[in-house]
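In the order they appear, the protein sequences are chains Y and F.
The first sequence begins at 245 in my numbering and counts up by one.
The second sequence begins at 245 in my numbering and counts up by one.
Read the hints as simulated data drawn from the structure, not as lab findings.
Note that the structure is predicted; figures quoted are calculated from it, not measured.
Even glycine gets a Cβ: it sits at the ideal position worked out from N, Cα and C.
Please note that the accuracy of each hint is not assured.
[What the hints assert, rightly or not] Computed list of chain Y residues with no C-beta within reach of chain F, every gap over 10 Å: (1) T247; (2) F383; (3) G404; (4) G488.
[To be verified] Just a few of them, taken from the derived set where beta-carbon distance is under 8 Å, the chain Y residues facing chain F: (5) G387; (6) L391; (7) A400; (8) P411; (9) V414; (10) P418; (11) E422; (12) R489; (13) R492; (14) S558.
There are 2 protein chains.
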Amino acid sequence: MTTLCIANNRTEEMVGDLTGMTPLEQRFAGCGAQRMLWWAEDGDVLVLPWGPDPEYLAYVTGLTGVRADSLTFVVPPPGEQGDQMLTTDRLADPGFRAELRRALDGRAVDEVLAISPNGAVAELAAALGMAHAMPGHPFAAQGGNALVNSKAGFRALAAGAGVPIPPGTVAGSPAEVEAAIEHLLVQGHSVMVKVEYQAGGFGNEILARDERVDAAGAERVVPLPDRASVAAYVAERWTWLTGGRGQRVVVERYFADSAPLYAQFIIDDTAVVLSGCGEMVMQPVVIGEITPPVTPDAEVTAELVDQAARLCESLRVIGYRGTVSADAVLTPKGEIYFHETNGRLTGSSHLHDAYFGRLLREEHRDARYILELAGLKVPSFAQAVAAIDAAGLAFDPETGTGVVYSCDFAPADGSVMYCVIAESPEATRALETGLLALFAG
Amino acid sequence: MTTLCIANNRTEEMVGDLTGMTPLEQRFAGCGAQRMLWWAEDGDVLVLPWGPDPEYLAYVTGLTGVRADSLTFVVPPPGEQGDQMLTTDRLADPGFRAELRRALDGRAVDEVLAISPNGAVAELAAALGMAHAMPGHPFAAQGGNALVNSKAGFRALAAGAGVPIPPGTVAGSPAEVEAAIEHLLVQGHSVMVKVEYQAGGFGNEILARDERVDAAGAERVVPLPDRASVAAYVAERWTWLTGGRGQRVVVERYFADSAPLYAQFIIDDTAVVLSGCGEMVMQPVVIGEITPPVTPDAEVTAELVDQAARLCESLRVIGYRGTVSADAVLTPKGEIYFHETNGRLTGSSHLHDAYFGRLLREEHRDARYILELAGLKVPSFAQAVAAIDAAGLAFDPETGTGVVYSCDFAPADGSVMYCVIAESPEATRALETGLLALFAG
């Protein structure tokens, strides 16, 4: 049986208007899309923005035990946005579709697995006669993915499910946004404003009156000493706040010094099944994560999972199928507030489904931590691999510990994303220190 | 116990940008808001765009058996859009809120009942300390009403629930909209395009290639003889199609000669409860309706109710509470396709909840039809009432038949909306003929 993997690593549902992405952001997205390789099984067909780098392909398949030459890669011609993302126009290209049909000819496709199961993928699946193989196809074909990723829609769904969300609201006009921000600021709280469609904290800003606040989860902190400055801020930032197209704006209380957590589920026709939980490492926006999470105790983690499951159950009932990450914060007072769902394969999905699921043996899975961070500058991917091999730091399936390079960002900025897998959080940090030393100076 | 009734008869969730409404449309909306009187019980407090006309108030309360002098009316000052709608700014007016608090002082409010249970009403309810009395408050406070009324969101929810919808899709870019339209036209179908937020067919247009089509359910039929004309149409109408703010566009197959049906439910915490079904009278957009519906047989009606209930169950799970009308068409081939939900008190709500529920005695309810139409020009509301009294056509609770004036549109265009209640569809038409004769010439 064949899986058709579609590495559409940035879509409008994820980040809003794609034309707003810089060339470098696009290149990072293109590199990130190559992580689809972690999902491949023997004989699968992968649609990628560009063909895989041979070193990275050999590395990933070496770890997953897949025969690299059994995989088929199909790359559509560049689209209006270039060649780094699988945009709607690229997935609709007639020449690409003809090639994809040839690649799939004679294979029994039992799953269409996309990073973002959006309308463009649903349309492609239908055109290939494989709608049945795409989980949640009816919902996706009607743009349902936008509902699951909307930060505005999220607050209604969460409130409707009785899942705790930060105090705040969803506002549509400048006057309403101003009032909602002021309402929180005058109570002495700081505020997070969010653009409806964005990812990784890039659509968030923190607003504060008197407090000094660290900008965790946002690009910056904006001081707004009085109501007039709130009005001026809303007027100045209106186009950005509304995604340039009249979207609604999320205004909610920001909880400083909180731990950002997530619980990830796979939703099928009958149930929502936990993949795992984790904790984001922020600086100030997400730079990595650790799983299992280290800050919450067992009781808090159980509550996180419970509440996230209720949220996912609502998404199941409305028709979404696939992976959902439900993101929350744990405040210093021990309260959990959810702030978004992401209906797609996320960075965390790789940790749970690929590394825990495919690299670690059964007996290690309950006794390992994975810390993943990005931004390690290396001479080349091949040299990075050689260096950990030589130093004895490379992941070893026997011990279920070691370093894994999860993503090759060389084409973007010469860096890799790396995972350190060890028996404890401290051991992951020790291993990371050893890794970083290999490339220092 | 007191109900706080809020007659917000046009909201952004219903019709999109309110500033696009003409003064006459606004006045019709203001008159329609007065129908809130049909819901009032002794001692209730009603927030209206303007104070009720004494004749209309006396007429409605005469039929519902409510003591008119037991009702309290609170009218906020005009807002930016004038005095015909209960817009967000009017509901937030501090002087109005102070007056409303005084009106409610000492009363136990057990329900906040709005025409459109939107965020502005939720905010008001919370400010009054009555959030608990507004069904579905958590969902409404986070803008959930927009989800229930979005024609784009509808298609995903319906598809996800497995409820039949017309072939088509939800599209975001001009290229996608053009492709979706052409895809249906080349198959020989005509097409309906819909603006995400609109009501009563005013956000719909029908597109046809060769077919001659009646414009039922839309303002006009646009001939598009080839793909170039489709592209030109999409380019020319883009601002309108996207609500002027980048909304998504619904493109679906249009079924000519179909009967527009609805099933209306009340959703509470534990169940969805059928209020009734009906059939719209179109010319070309909705001008009235009849209930029970006359075109479908019992089996088709049962299917309509079944499917609508599944749709409403999804809305219940995500947190909506209150009235929902699920609208569908019955094609000449006997297929049912749903095309939108409206989360609010609708025109139909008056028929089911007020006329069937309050005017008709128990023993008549299963043996009466109500036909409601608008546009009967009358000298004045008082004279219209006197005329049916004199002619013996006025509604008589003893027989459960006769004429009811449901809405007074005199301030808009000198007309009334009227209901004829009789034992059969034919008898309603006969009674209507008698009514129209009173005002002919």
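Looking at the structure, which of the earlier hints fail to hold? Numbers 2, 3, 4, 8, 10 and 11, in rising order.
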